[in-house]
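**Student:** Chain by chain, the residues run as shown.
2 protein chains.
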Amino acid sequence: MKRREFIQKAALATAAIPAVASASSGKKIRLKMATSWPASMPILQSTADYFAKRVGEMSGGAMEIKIYHAGSLVPPLGVFDAVSAGQIDLYHSATYYWSGKNSAFSVFAGTPFGMVDNEMLAWMRFGGGLELWRELGAKYNVYPLLGGNTGIQMGGWFKKPVEKLADLKGLKMRIPGLGAQILSKLGVNTVMMAGGEIYLALERNVIDASEWVAPALDLSVGFHKVAKYYYTAWHEPASTAEFVFNTKSWAGLPPEYQAIIEVASQDANVRMTAESQARNAPAMRDLLKQGVEVKTFPADVMAACKKALGEVVAEESAKNPDFKKAWESYSSFLEEQKDWTKLGLGRYLETR
Amino acid sequence: MKRREFIQKAALATAAIPAVASASSGKKIRLKMATSWPASMPILQSTADYFAKRVGEMSGGAMEIKIYHAGSLVPPLGVFDAVSAGQIDLYHSATYYWSGKNSAFSVFAGTPFGMVDNEMLAWMRFGGGLELWRELGAKYNVYPLLGGNTGIQMGGWFKKPVEKLADLKGLKMRIPGLGAQILSKLGVNTVMMAGGEIYLALERNVIDASEWVAPALDLSVGFHKVAKYYYTAWHEPASTAEFVFNTKSWAGLPPEYQAIIEVASQDANVRMTAESQARNAPAMRDLLKQGVEVKTFPADVMAACKKALGEVVAEESAKNPDFKKAWESYSSFLEEQKDWTKLGLGRYLETR
Chain W
1 MKRREFIQKA ALATAAIPAV ASASSGKKIR LKMATSWPAS MPILQSTADY
51 FAKRVGEMSG GAMEIKIYHA GSLVPPLGVF DAVSAGQIDL YHSATYYWSG
101 KNSAFSVFAG TPFGMVDNEM LAWMRFGGGL ELWRELGAKY NVYPLLGGNT
151 GIQMGGWFKK PVEKLADLKG LKMRIPGLGA QILSKLGVNT VMMAGGEIYL
201 ALERNVIDAS EWVAPALDLS VGFHKVAKYY YTAWHEPAST AEFVFNTKSW
251 AGLPPEYQAI IEVASQDANV RMTAESQARN APAMRDLLKQ GVEVKTFPAD
301 VMAACKKALG EVVAEESAKN PDFKKAWESY SSFLEEQKDW TKLGLGRYLE
351 TR
Chain X
1 MKRREFIQKA ALATAAIPAV ASASSGKKIR LKMATSWPAS MPILQSTADY
51 FAKRVGEMSG GAMEIKIYHA GSLVPPLGVF DAVSAGQIDL YHSATYYWSG
101 KNSAFSVFAG TPFGMVDNEM LAWMRFGGGL ELWRELGAKY NVYPLLGGNT
151 GIQMGGWFKK PVEKLADLKG LKMRIPGLGA QILSKLGVNT VMMAGGEIYL
201 ALERNVIDAS EWVAPALDLS VGFHKVAKYY YTAWHEPAST AEFVFNTKSW
251 AGLPPEYQAI IEVASQDANV RMTAESQARN APAMRDLLKQ GVEVKTFPAD
301 VMAACKKALG EVVAEESAKN PDFKKAWESY SSFLEEQKDW TKLGLGRYLE
351 TR
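First to last, the sequence lines map onto chains W and X. full-length UniProt numbering applies: residue 1 is where the first sequence begins, and numbers increase by one. full-length UniProt numbering applies: residue 1 is where the second sequence begins, and numbers increase by one.
These are calculated hints, taken from the structure and not from any lab test. Some clues are possibly wrong.
Subject to a maximum C-alpha distance of 20 Å in a straight line, what follows is the list of computed DMTMM-like cross-link-like pairs (lysine to aspartate or glutamate) [unchecked claim]: (1) K342(W) - D286(X); (2) K338(W) - E350(X); (3) K324(W) - E311(W); (4) K53(X) - E350(X); (5) K289(X) - E311(W); (6) K295(W) - D339(X).
Generate the whole structure from the sequences, applying the supplied hints.
**Tutor:** Right under this line is the structure:
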């Protein structure tokens, strides 16, 4: 990992710094943005499209963001390296994809049993979260901005119900990130595979279970045709998407364009939450009509997962000071927030 | 009401249309914005301040919004009329203040047992809510934009606990809007008074109970010193604030400035939710430490309130076609959303 980073940094020093540099000359600013999503994908690519459109409108056409969908210029998961090396100006992707580079990214992505969207926003904007994230990004020559929050993601699709802790033993499940680290400790064989491969793997019993996103995107893949049990949320309560600039591209922008981009990113961020809400609700009704059974993991499973999270956090904190620092900020903010969320929003949902 | 509106419209025809008109000449655009809040008020005035600052930054200083705090140019609740008549360009205020002008505004403000913030955002941005609101605004020569959502507000402060429905009979409570109409049907003497008067009225037993906002703003007033019981939310789950332009002021802005203002308003909108979340959580901890008892209204009280809401809605719908139209859109969207919110977010909060 270290060697690779060194090579990236060396590459950056000689990389052509892109069109932003022309800003100071008063010419049109053209930015290249790669995304990790296919064209026309709701919630994810739609957020990137909206952002680019708004930036164009607000600058009266003076700033133009050209979008490169997954694979059209950079591989879907190659966007971080391409921006870090200054080959393109920015990308739109999901933060947890980079936890292999530095486990601290998984904290900014949202964690199991962690903050819900409003808590995450409060941490990012009023609790120092965004500053910490940018401090981490600076080590990789990138400058992150909020790029969307999906809100609640579901616990995943299972072919057989999980009635007790022992049912997890030997289960083969596709799940990434901290959720996977937790389930591994409980005997699950966790695997990673790209989104497009999951359906067939479930159908052919290569895996027994998989998480994906939430009702709208899950319905469009058709998981309900190959797995009947749909579990409620625990491991991704508020997953973060991001617009991430190369630091030199960012620094080269005049202040009014930086302001336009930052405000547009914050608008796009909440628009993703709104679009998720708007699309998930009717999709869930549709899934229920098609016979999907919604279940919540039993208390002993959740208790074991919480205990395992504590172990994972202790291990990562010992290995990685960046993780430790991010986790301490995140978890102490959550500790302060969660009683109010339960008393305010939680009680209201019970009352309504 | 009708006569007054006629006079306003007549006045508008001759009112000087403000500085926006200078935009086409390429000069600096100066906009006058009145607010309903005192200077330095967190959550409410801070949102207006943030919006004005961001608009200035994004336009590179070409657009300047001058803020007039409550009473400094226009009375706090006179902002709607002043903007409607074209005396100033825009205001920042809360939507439920105008339900006396047209009861349909109370729907866009958020209703008892109604949508939570993400549902409201989904309705506004993806469910036709904002378009309907602007259709209503056009009747008053105003163009509304999102201006903040407080998220969950609390049910209010009570000197004695409400243990059963009969305890409401004869209770004197300060509460506005649809919440007041509901409680009136259950025998509560509802009264309205400005924020600054509530504390003394409670202290001197002029009233037995009052709602205000949520922990952060409630703590700063000090209600916990004169009423011990703090009830959880039911009547204001997601109260809307608004930036509202005079329609001619809005139409006079070049498209890039309209885009800057719209995106800034959407960023400011969610920033208020984040600021509320960030401030309410520690304030609630503080209140609990000071001996406040948090209670939830008993099931029979909530059932009676839901029944009364049905009656209020039927009455208003019969009287006011604007209300009927807004309610039908709002309530059918909520009906589609609420099961997902409970299954996704609600179950997660129970699991966490």
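**Student:** Mind listing which of the numbered hints don't hold for this structure, in increasing order?
**Tutor:** Violated: hints 4, 5.
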